Amino acid sequence: MQIGFKLFAENYSPTELVRQAVEAERAGFDFVEISDHFHPWLPEHEHSPFAWSVLAAIAASTERIGLATGVTCPTIRYHPAIIAQAAATTQILSDGRFTLGVGSGERLNEHVVGQGWPEVRDRHQLLREAMEIIRLLWQGGYHSYRGEFLTIEDARVFDLPDTLPDIVVAIGGPQAARLAADLGDGIFTTDPDASLIEAFEQAGGSGPRYTEVPLAWATDEQAAAESAHRMFRFGLGSWRVNSELPNPAHFDAATQFITPDSMREVFACGPDVERHLEVARQFSDAGFDRLALISAGPDVDGFMRFFTDELRPRLSELSG
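By the count of the UniProt record's numbering, the sequence shown reaches residue 320 at its end, each step adding exactly one.
Note that these hints are calculated values from the structure, not bench results. Errors might be hidden in some of the hints.
Distance ranges between label pairs, derived from CB positions [unchecked claim]:
#1 HIS250 to GLY141: 30 to 40 Å
#2 ASP299 to ASP252: 18 to 28 Å
#3 ARG305 to GLU119: 28 to 38 Å
#4 ILE82 to HIS250: 22 to 32 Å
#5 SER61 to ASP220: 40 to 50 Å
#6 VAL112 to GLY302: 31 to 41 Å
#7 VAL241 to ASP122: 37 to 47 Å
Just so you know, these numbers come straight off a predicted model, no measurement behind them. For glycine and all other residues, C-beta sits at the position ideal for the given N, C-alpha and C.
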């Protein structure tokens with residue numbers, strides 16, 4: 001099992017995210033995972049930098065820690081040929097430490113280029129075609145491709161790493177699980193749902209199983225719950241709704257009845273290491289082996305110390 005740190009790009013500046021990645025390496029995390037958005041989720045969020053620039057800076061500022069996108073939508077805001085190039089370059093700059101996480105995206109980020117927001121069936125087909133294009137370009141040489149939605153013409157990625165990045169696919173049901181099994185090297189999800197792993201494996205898939213563990217450390221439980229509410233209340237909504245909302249104001253309205261007490265039901269809030277282990281154990285028991293810890297509390301550096309001194313030694317108790 002590997003333990004990672006979630007770089008929540010919607011809440012921090014680019015330079016602060018790089019600093020957090022350096023501190024995560026120093027604290028003993030195995031990898032960092034960064035969100036790749038154009039807009040933040042909520043009005044309280046004040047940032048949303050270009051993830052690929054941040055990744056390059058992290059690669060140059062660290063030596064050991066893995067890097068991953070969690071996740072990139074390679075279909076509308078980006079063309080998959082650009083993501084094939086970006087991921088290959090990031091793998092080279094990081095000396096082989098990069099993992100490309102991909103998903104079908106949210107209206108929040110993809111509608112900004114004025115190409116509309118497809119229905120679910122089309123989004124899955126777009127992702128399949130995008131992954132086929134990325135795999136094709138990673139073979140080297142010039143390639144053309146014409147799918148139902150996506151096209152490349154006489155394209156070549158010139159700088160390819162000796163070892164290609166893994167591609168892990170965000171899944172929420174059987175259709176995405178089949179796509180991950182067909183073209184991916186692993187899966188990514190935010191729910192402690194063993195049936196998603198089973199669907200992936202039954203479709204013939206194997207490889208790392210990434211997830212995010214909702215933690216909010218603070219010396220005071222109420223302060224932790226209030227911080228989690230400010231930063232992550234959008235995460236308690238249905239993803240069928242979250243994928244359709246176009247801007248932070250809509251997420252604010254959709255989450256108006258979620259309270260700090262609501263956050264306590266999902267997030268480990270406060271200083272109690274046993275509660276943090278209880279939440280993490282849900283994911284390890286479900287079969288996930290790449291646990292990215294969310295720090296939704298008000299003090300990132302305090303969480304890093306808590307991880308090093310108390311939580312990390314206890315995480316060995318988890319199955320995986």
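Hints numbered earlier in the text: which of these fail when held up against the supplied structure? Hints 1, 3, 5, 7 are the ones this structure does not satisfy, whereas the remaining hints hold.
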